[in-house]
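**Student:** The chain contents come next:
2 protein chains.
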Amino acid sequence: MNGNVIVGQSGGPTSVINSSLVGVFQGAKRAGCGKIYGMRNGLEGLLQERYVELNDCIKNDLDIEILKRTPSSFLGTCRYKLPHYEKDSAVYEKLFAILKKLDIKHFFYIGGNDSMDTIKKLAEYASKINSDITFMGVPKTIDNDLDKTDHTPGYGSAAKYVASAMKEIILDTDTYTTDSITIVEIMGRNAGWLTASAALARTEDCTGPDLIYLPETPFSYDKFVSDILEVKKHKSSAIIALSEGIRNADGQYICETQKGDMKLDVFGHKMLGETALFLSDMVGKDTGMKSRGIVFSTLQRCASHIVSRRDITEAYDAGATAVAAALAGETGKMVIFKRISNDPYKVFTETHDIGDIANVEKTVPKEWITQNGTYVSQEFIDYARPLIIGELTPFMVDGLPRHLTIE
Amino acid sequence: MNGNVIVGQSGGPTSVINSSLVGVFQGAKRAGCGKIYGMRNGLEGLLQERYVELNDCIKNDLDIEILKRTPSSFLGTCRYKLPHYEKDSAVYEKLFAILKKLDIKHFFYIGGNDSMDTIKKLAEYASKINSDITFMGVPKTIDNDLDKTDHTPGYGSAAKYVASAMKEIILDTDTYTTDSITIVEIMGRNAGWLTASAALARTEDCTGPDLIYLPETPFSYDKFVSDILEVKKHKSSAIIALSEGIRNADGQYICETQKGDMKLDVFGHKMLGETALFLSDMVGKDTGMKSRGIVFSTLQRCASHIVSRRDITEAYDAGATAVAAALAGETGKMVIFKRISNDPYKVFTETHDIGDIANVEKTVPKEWITQNGTYVSQEFIDYARPLIIGELTPFMVDGLPRHLTIE
Numbered sequence: 001m002n003g004n005v006i007v008g009q010s011g012g013p014t015s016v017i018n019s020s021l022v023g024v025f026q027g028a029k030r031a032g033c034g035k036i037y038g039m040r041n042g043l044e045g046l047l048q049e050r051y052v053e054l055n056d057c058i059k060n061d062l063d064i065e066i067l068k069r070t071p072s073s074f075l076g077t078c079r080y081k082l083p084h085y086e087k088d089s090a091v092y093e094k095l096f097a098i099l100k101k102l103d104i105k106h107f108f109y110i111g112g113n114d115s116m117d118t119i120k121k122l123a124e125y126a127s128k129i130n131s132d133i134t135f136m137g138v139p140k141t142i143d144n145d146l147d148k149t150d151h152t153p154g155y156g157s158a159a160k161y162v163a164s165a166m167k168e169i170i171l172d173t174d175t176y177t178t179d180s181i182t183i184v185e186i187m188g189r190n191a192g193w194l195t196a197s198a199a200l201a202r203t204e205d206c207t208g209p210d211l212i213y214l215p216e217t218p219f220s221y222d223k224f225v226s227d228i229l230e231v232k233k234h235k236s237s238a239i240i241a242l243s244e245g246i247r248n249a250d251g252q253y254i255c256e257t258q259k260g261d262m263k264l265d266v267f268g269h270k271m272l273g274e275t276a277l278f279l280s281d282m283v284g285k286d287t288g289m290k291s292r293g294i295v296f297s298t299l300q301r302c303a304s305h306i307v308s309r310r311d312i313t314e315a316y317d318a319g320a321t322a323v324a325a326a327l328a329g330e331t332g333k334m335v336i337f338k339r340i341s342n343d344p345y346k347v348f349t350e351t352h353d354i355g356d357i358a359n360v361e362k363t364v365p366k367e368w369i370t371q372n373g374t375y376v377s378q379e380f381i382d383y384a385r386p387l388i389i390g391e392l393t394p395f396m397v398d399g400l401p402r403h404l405t406i407e
Numbered sequence: 001m002n003g004n005v006i007v008g009q010s011g012g013p014t015s016v017i018n019s020s021l022v023g024v025f026q027g028a029k030r031a032g033c034g035k036i037y038g039m040r041n042g043l044e045g046l047l048q049e050r051y052v053e054l055n056d057c058i059k060n061d062l063d064i065e066i067l068k069r070t071p072s073s074f075l076g077t078c079r080y081k082l083p084h085y086e087k088d089s090a091v092y093e094k095l096f097a098i099l100k101k102l103d104i105k106h107f108f109y110i111g112g113n114d115s116m117d118t119i120k121k122l123a124e125y126a127s128k129i130n131s132d133i134t135f136m137g138v139p140k141t142i143d144n145d146l147d148k149t150d151h152t153p154g155y156g157s158a159a160k161y162v163a164s165a166m167k168e169i170i171l172d173t174d175t176y177t178t179d180s181i182t183i184v185e186i187m188g189r190n191a192g193w194l195t196a197s198a199a200l201a202r203t204e205d206c207t208g209p210d211l212i213y214l215p216e217t218p219f220s221y222d223k224f225v226s227d228i229l230e231v232k233k234h235k236s237s238a239i240i241a242l243s244e245g246i247r248n249a250d251g252q253y254i255c256e257t258q259k260g261d262m263k264l265d266v267f268g269h270k271m272l273g274e275t276a277l278f279l280s281d282m283v284g285k286d287t288g289m290k291s292r293g294i295v296f297s298t299l300q301r302c303a304s305h306i307v308s309r310r311d312i313t314e315a316y317d318a319g320a321t322a323v324a325a326a327l328a329g330e331t332g333k334m335v336i337f338k339r340i341s342n343d344p345y346k347v348f349t350e351t352h353d354i355g356d357i358a359n360v361e362k363t364v365p366k367e368w369i370t371q372n373g374t375y376v377s378q379e380f381i382d383y384a385r386p387l388i389i390g391e392l393t394p395f396m397v398d399g400l401p402r403h404l405t406i407e
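Those sequence lines, one after another, are chains A and B.
Numbers 1 to 407, taken from our numbering, label the letters of the first sequence in order.
Numbers 1 to 407, taken from our numbering, label the letters of the second sequence in order.
For the record, the hints were derived by calculation from the structure and aren't laboratory data.
Note that the structure is predicted; figures quoted are calculated from it, not measured.
Be aware that a few hints might be false.
In this list, chains with the same sequence are indistinguishable; a pair is considered to hold if it fits within one copy or across any two.
Below, a list of computed lysine-lysine pairs in the DSS-like style, where the Cα atoms sit at most 27 Å apart [said to hold, decoys possible]: (1) K94 / K338; (2) K105 / K233; (3) K290 / K81; (4) K362 / K121; (5) K285 / K81; (6) K232 / K81.
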């Protein structure tokens, strides 16, 4: 029999992070692992000895299917910054004592950039103290900003939501003849992958957004206004998608120019938001046109009622691949996707040393952004389109999607 | 052969207004009407002689099915205020000349309160000049605020979206252990029907919002804060649904207290918005807790990717019933729904004199709002639940819902 296993979820929720959890759970079960524990609220909860046995929470095959369709982190999440063990070894000693008490052999953490930093530190510490516990990262982020992997689970579903909602917003806007400016704000601090996915709305039946602004390109308000006026020469409505993380040439967040001193989260990241509303107010006044700001907010990362089936499947694979790799003795690694071809879409999974991934943010390549900095290229579309393909219908009960929760 | 027909769409879009259009189109076609015209952008477009022949735009049965799944107004909409004929008869003369030129016998207008006022005036004028053109209203509004009808097409789908999104937002919020306040702003100027539908999220697998504020109850900021602190005694997150139209005891919109002088639309209505963000900022500062405002904005009225099948069907019926009534000689009326029972859900359609409906806003009954003004009763749930039942899956092409548009 293989040993006991523990799995946690960390960072911002996605629509498919629970599919990765199911991948770990079923992978471990099928491999004959012992107990399969789930950390409540990631490492933060584990340090308080808050955990569950997944067999108690996921009781049957119907639960499995509902859990795949449940957005956000089933086990709860945290934004916990693990200190370096040279600065604070006490927390490591406490954690490894808990792992020992539970007789854990394999540790899995589903998360984004910051979570991969956690896995890296834990694997390093384990090596230092000669622990044989393996530590594996399972990628998850709607931001798609993890390096060394073609893409990350969670991105495809968020992109499908963004592109679908854009199509609906464009229909809603274009139904009026009034001159109008609509500015839609999409998540993405430093990487514009999700904002770029708004371009997928440009289809046979939809013009798509007219302008797209990513954090990769410095943002100038004056150019923004002139870009809009250019669009308005041949169209009554201007539809704009922009990232919450757009910054001016000095590197200052546009929302910061409004808010003054910004709050920081525990990782020291500035807390962004409402750039669209700020710009909508300003551009409305400056052009005299009707303007509206729409902020997708958390809706874009938890809209499991319109997930990408491919994303759900790949999220599951990422979890299952992590288990197989751990059982083969790998540690300090993350599961990555390698793409063989766009059309037909073919990928495979492998693992990669987490040291190359933690704390690196992969941004949209310059050559995928059009020269005037207001759109993305066909290369981006060819890359992103396959990730939003296929649907997984929610289980509807009394008119609403049913979810699985811990009692 | 029955005569020529014209149909228009007016006011804010919904997810099912095109299903009513299909109801009128197929009803008229099956009844052997002559040409079936569609006004581009409602009355405003018609006065500029902008119209289409629907047979040219809806080419086959597949188009019919796609159109039912297309949100917003296929024909385009307007917010046009028709003056009274005693004040400005020229516009009536122009309009009736256009109708005569097209040899129109039956005129259908799909819309809400303001659109029904238009139908009322047109029917009165027709009677005055002894025109035999019939004028029928087809109800449509996510606000559900039309009188004399049990409910309005468009409401059920918007309510399904609101309740589904609330469930997802609650999962997203509760996944953190952090103390937090989430304020979700829902459309509804004077009637809280749509905001109340957030209560439908309270199900076996979801606690639902903790507090719901409707425009029917005067809003006090101090009570709001103490309501939240009461919730926080037994829960780390407080989830609040509130209407964009909440007002203080003096009748002043809460968003107005922030914005100062508000802009008016063509009907003289104040343009609301962003109450949730304003309150979120304020309550965050006053309580020291993390707070987030989410504004559903236009997403709630155009999310045809998660419609209520019952709503789609009833919207179609409303259109078809209007045609049958017009052909039977009725004029100056609106189609209404009468409910026989909640469970099993049974309704029938009939018509009602539009004079009783135009310019009346039906609000949520006082007895359906809980005594402390922070929730709705079981009677409301029993009323609203049947309206969100059933799904109509979008036709997905390349990963996105396909829509029908006029070329």
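**Student:** The structure should be examined with respect to each hint, and the outcome stated for every one.
**Tutor:** These are the hints, each one checked on the structure:
no.: 1; hint: K94 / K338; in the structure: neither (37 Å within a copy, 66 Å between copies)
no.: 2; hint: K105 / K233; in the structure: neither (64 Å within a copy, 39 Å between copies)
no.: 3; hint: K290 / K81; in the structure: between (44 Å within a copy, 18 Å between copies)
no.: 4; hint: K362 / K121; in the structure: within (21 Å within a copy, 61 Å between copies)
no.: 5; hint: K285 / K81; in the structure: between (42 Å within a copy, 25 Å between copies)
no.: 6; hint: K232 / K81; in the structure: between (47 Å within a copy, 26 Å between copies)
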